[in-house]
Amino acid sequence: MDFLSPTSWAEALAAKAAYPEAVPIAGGTDVMVELNFDRRRPPALLDLTRIGELVEWGTDGGLLRVGAGVTYRRIIAELGDRMPGLAMAARTVGSPQIRNRGTVGGNLGSASPAGDALPPLLAAGGLVELASVRGVRRLPVAEFFTGPKRSVRAPDELIAAFLLPMERGRHQFAKIGTRNAMVIAVCSFALALRPATGEVGTGIGSAGPTPLRAVDAERFLAGELPWQTGAGLPDPLIRRFGELVVAAAAPIDDVRGSAAYRRHALSVLARRTLVWAWEEYRREGP
Amino acid sequence: MRVSCRINGEQREADGVWPGESLLYLLRERLGLPGAKNACEQGECGSCTVYLDGLPVCACLVASGQAQGREVVAVEGLSGPDGTLDRVQRAFLEAGAVQCGFCTPGLIVAVHDLLARVPAPADPDIREALAGNLCRCTGYEKIMEAVRLAAAAPPSAPGAMPVPAPGGPR
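For the protein sequence lines, the chains are A and B, in the order given.
Per the numbering used here, the first sequence starts with residue 5, numbered consecutively.
Per the numbering used here, the second sequence starts with residue 476, numbered consecutively.
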């Protein structure tokens, strides 16, 4: 096995182009488990932890651009006020040891339907930035996933960053797990209310082959929310939103939970996050 | 490959390292530092927690090549060269927070980090900080007591090696 250790982004892209089978590794929280358990023997590892560009974040026009190597720990500490939904999800990732190493870039790269960072990225209308020696492309996170642990990333591409609109929306995230810490989601849900544009974003985790948006639920809610008056939400509206979120999910029975339980739990998470986000909007405004 | 890094304040080198092997393997099997324990090898149990450039991490999830040129402090590095124990180590002994002892080194490092960040942690702080360290025998109550005891003790044992602040490429 080769170990490639580029110290600049250009060098990393050149290495990935020359050696497309090399497996990128940052925090190692997924890759090392596969190696430790003999589940995977890639011909090479491409270490991304020495690349300064990957651990930076800043603004890009109206977007916040966060390098793929920024850890969950830093998302919570440095970006909690700008990305509240993602920060909430980051707080539920593993343990302090895992959050000190794990990255949103790695979460995207693994493309697991259960990746905790992914529903908030979907809800917030995030983009993923892919780069190769051929150039750079940005696409909506919702178009990135093609199946369980599969994405549109080409063999010579690396995930450079993710981008989120800079907006002071009302974002929420909730997750069901068998305990309060160190747990992979049985299912999860992220909600973003965007009072400035009257839009709603959603993200469903662990209840389909990929993280999913509930597009009908988004349209319904955006049209029904009393944005202007900020009135309290009638119960039928909250329930209908929960039903539409469930209708967008495609859960399976597996070791963590049954499809029926996931549907039930998702409707509860959708209703809860809606009430939390709406009450915050009523209390504090847009 | 050859890997060289600072471990417990000392420059160490290992040759013939397989690039896919973990920092935990490097520490235990190549460098003879058995403090960090090997249990789950998937980042679940925290028994292999060490500082890497000042941040607690699971050594089983760090590829050895990623440790090249970095600073590692394992549990052995928290006591002084003369064997003087760190206050966290003393508190675990005093509170009887050690039964079989397998989870203890990882817990000591995690608690050492907690107290560096939060000098007077409330119980929920402690529980959150220790969520990544599993113990199958103490029932955790004695561990909670040990953390409270350590927090009440003067900051660091004389001679204990200071852990570098997190910095550099984070």
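Any given hint might turn out to be false.
Restraint-style ranges between C-beta atoms, simulated for each label pair [stated by the list, open to error]:
hint, chain 1, residue 1, chain 2, residue 2, range
1, A, E57, B, C515, 32 to 40 Å
2, B, D490, A, V140, 38 to 46 Å
3, B, D490, A, R138, 57 to 65 Å
4, A, V279, B, D598, 25 to 33 Å
5, A, R142, B, C612, 48 to 56 Å
6, B, C515, A, V140, 50 to 58 Å
7, A, A22, B, E488, 26 to 34 Å
8, B, G544, A, S262, 58 to 66 Å
9, B, R477, A, V156, 32 to 40 Å
10, B, R477, A, T182, 52 to 60 Å
11, A, T182, B, R623, 25 to 33 Å
Chain B side only, calculated, beta carbon under 8 Å to chain A, not exhaustive [said to hold, decoys possible]:
hint, residue
12, S479
13, G495
14, S497
15, G518
16, E519
17, L536
18, V537
19, Q541
20, G607
For the chain B half of the interface with chain A, some residues (derived, Cβ under 10 Å), not all of them [stated by the list, open to error]:
hint, residue
21, R487
22, E496
23, G521
24, L527
25, P531
26, V532
27, D598
28, A604
Honestly, the hints are just simulated from the structure, not real lab data.
Glycine is no exception: its CB is placed at the ideal position from the N, C-alpha and C atoms.
I'd like to know which numbered hints this structure contradicts. Please list them from smallest to largest.
Violated hints (numbers, rising): 3, 6, 8, 10, 12, 21 and 27; every other hint is consistent with the structure.
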